[in-house]
Every structure is written in structure tokens, then in C-alpha cells.
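Trainee: Protein sequence lines correspond, in order, to chains A and B.
Count the first sequence with our numbering and you get residues 1 to 71, in order.
Count the second sequence with our numbering and you get residues 1 to 163, in order.
Worth flagging that the hints you see were computed from the coordinates, not collected in a lab.
Ideal Cβ placement from N, Cα and C applies to all residues, glycine included.
A hint or two may mislead.
Stated by the list, open to error - One side only, chain B facing chain A, incomplete, derived with CB under 7 angstroms:
(1) P115
(2) A123
(3) V124
(4) A126
(5) I149
(6) E150
What the hints assert, rightly or not - Footprint (simulated), chain B over chain A, 3 or more residues, beta carbon under 8 angstroms:
(7) 9-18
(8) 41-49
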Amino acid sequence: MSSATWRSHFTFNRYSQICARALRQSLKESERVKAEKRGLTALRYQHWENGQGGEQVYLVPPEGKAAAGAK
Amino acid sequence: MSSLRLLSSAARRASLAASSGRRGYAEVADKIKLSLALPHESLFSSADVVQVNIAAATGDMGILANHVPTIEPLRPGLVEVIDSGNSSKKWFVSGGFATVHPSNKLTINVVEAAPIEDFSAEAVRANLQEAQRVIAGNGSEEDKAEARIEAEVYEAIQSALSK
Chain A
1 MSSATWRSHF TFNRYSQICA RALRQSLKES ERVKAEKRGL TALRYQHWEN
51 GQGGEQVYLV PPEGKAAAGA K
Chain B
1 MSSLRLLSSA ARRASLAASS GRRGYAEVAD KIKLSLALPH ESLFSSADVV
51 QVNIAAATGD MGILANHVPT IEPLRPGLVE VIDSGNSSKK WFVSGGFATV
101 HPSNKLTINV VEAAPIEDFS AEAVRANLQE AQRVIAGNGS EEDKAEARIE
151 AEVYEAIQSA LSK
């Protein structure tokens with residue numbers, strides 16, 4: 001937070017998530033496995049206009065295998 | 001009857017000596033209601049505590065009972081909760097907000113936190129090295145900004161662990 005040069009690149013939400021991720025990666029092995037699951041974001045959004053839905057976009061693109069289920 | 005009176009006055013003297021190490025001038029009478037919440041878990045829920053030390057973005061703060069109302073963004077750092085009797089628990093938090101309400105209540109909302117004992121100094125050291133490597137390398141400005149944020153968190157954990 002001290003050197004706020006990140007403000008030109010990300011939103012505050014993203015900054016919070018980066019800090020949280022860094023914290024999770026620094027835990028002891030046993031705690032880390034539980035914590036890593038909390039970092040998972042599975043969100044899709046879709047822009048609607050004139051009653052028509054646009055393309056569904058993943059916020060965090062999945063690593064490839066879930067492409068078949070994208071509808 | 002006199003032995004009872006002697007016993008109670010001895011107990012009073014002993015407790016004064018014990019608490020004088022912390023505050024130095026008065027018996028702690030007032031407590032503040034602390035609610036410390038993570039998105040997935042509530043660590044404290046309106047619990048009476050004596051003092052809470054937080055790492056605010058503007059500097060380290062100690063919050064006692066009847067603190068002036070304030071809203072403080074938290075930087076990655078320690079939150080220490082001191083309950084009566086010299087017992088203090090420390091958590092490292094990744095960031096969030098601390099709000100002191102006019103009704104002697106303190107609400108701390110953080111994104112992620114863990115007890116200070118749950119951290120691995122070795123993992124922090126390795127992560128910090130990796131982040132510094134990215135900062136010094138030739139990736140995109142975004143990657144470097146991310147690495148700078150992470151390096152700040154790792155350095156804060158290291159200084160928290162060494163306290």
C-alpha cells in the first residue's frame with residue numbers, strides 16, 4: 001500500500017486479491033492446501049443488450065479442460 | 001476474619017503489579033467490543049478485549065476502549081489482540097479495513113489472515129526471492145507491479161515473524 005504505483009495497473013480489489021494470494025502462499029504446507037482452495041474464483045459474466053445475451057466471458061480463464069462446458 | 005481481609009488485599013496488590021507492566025498507570029476497567037471477520041470465518045464476534053494493535057496504512061495503531069471513531073485501511077501486517085491477563089494473540093492479515101464505531105465497537109474486516117504460527121519462514125524466503133527476481137527481470141509492467149505487491153507482503157511477514 002505504501003508504494004501505490006500499482007494503481008495505474010489494477011483496481012483495489014485486484015490489489016487485495018494479490019495480497020491475499022501472497023499470504024496463502026507463505027503458510028506452512030498443511031495450512032496452505034486448505035487455504036489455496038479459498039483463492040479459487042470461478043465466475044462467468046455476460047453482457048445483455050436489447051434482451052439478447054452476449055458472449056459468456058470467464059473472469060479467470062480456466063486452464064483448458066473446461067472449455068467444453070462453456071455455454 | 002482478619003486473615004480473609006489480608007488475603008484479599010494481597011490479591012489486589014498482586015494484580016496491580018501484574019498489569020502495571022502493560023499500561024503503567026491504571027487498572028484496565030473498560031474493554032472494547034471486537035469483531036474480526038474474514039470472508040469465510042469470523043475470528044471474533046463482539047468479544048470484549050482490552051487492546052487491539054493494528055497495522056494501519058498510516059502507521060501502527062493501538063486501539064483501546066472508547067477510541068475516537070475512525071476508519072483505517074490496513075496494510076499487510078500484524079493484528080494483535082490483547083485480552084485481560086497479558087495474553088495476546090497475533091494474526092498476520094493481508095489487508096482490509098478497521099472501523100471504530102462511536103459505540104465502543106471495533107470492526108476489522110480482512111481479506112485473508114492466519115495465526116502467526118502458521119507461517120513458514122522458509123516458504124516466505126523462497127517466495128520473496130522469486131518476487132525479487134520478477135521485479136529485476138524483463139516481464140511486463142503489470143507483472144512487475146504484482147511482484148512488487150507480493151514482495152511487500154513477504155517482507156511484512158518476515159518482519160512480523162522476527163518480532
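Trainee: Less than 7 angstroms between beta-carbons is the criterion; does B/A126 satisfy it with respect to chain A?
Mentor: Check failed: Cβ of B/A126 comes no nearer than 9 angstroms to chain A, outside 7 angstroms.
Trainee: Quick check on the hint: B/I149 CB to chain A CB, less than 7 angstroms?
Mentor: holds, 5 angstroms
Trainee: Holds or violated: B/E150 as interface residue toward chain A, Cβ cutoff 7 angstroms?
Mentor: With a minimum Cβ separation of about 4 angstroms from chain A (threshold 7 angstroms), the hint on B/E150 holds.
Trainee: Tell me if the interface restraint on B/P115 is satisfied: Cβ within less than 7 angstroms of some Cβ in chain A.
Mentor: This hint is violated: B/P115 lies away from chain A, its Cβ roughly 9 angstroms from the closest one there, beyond 7 angstroms.
Trainee: Restraint: B/A123 near chain A, CB-CB cut 7 angstroms. Satisfied or not?
Mentor: holds, 5 angstroms
Trainee: In terms of beta carbon proximity below 8 angstroms, does the region 41-49 of chain A have 3 or more residues touching chain B?
Mentor: violated (count 0)
Trainee: Given a cut of 7 angstroms on the nearest C-beta pair, is the interface hint for B/V124 held or broken against chain A?
Mentor: At about 5 angstroms, which falls below the 7 angstroms cut-off, the nearest Cβ of chain A leaves the hint on B/V124 intact, so it holds.
Trainee: Taking 8 angstroms as the Cβ threshold, is the statement that the region 9-18 of chain A is covered by chain B upheld or broken by the three-residue rule?
Mentor: holds (count 6)
Checked against the numbered hints listed earlier, the structure breaks hints 1, 4 and 8; every other hint is satisfied.
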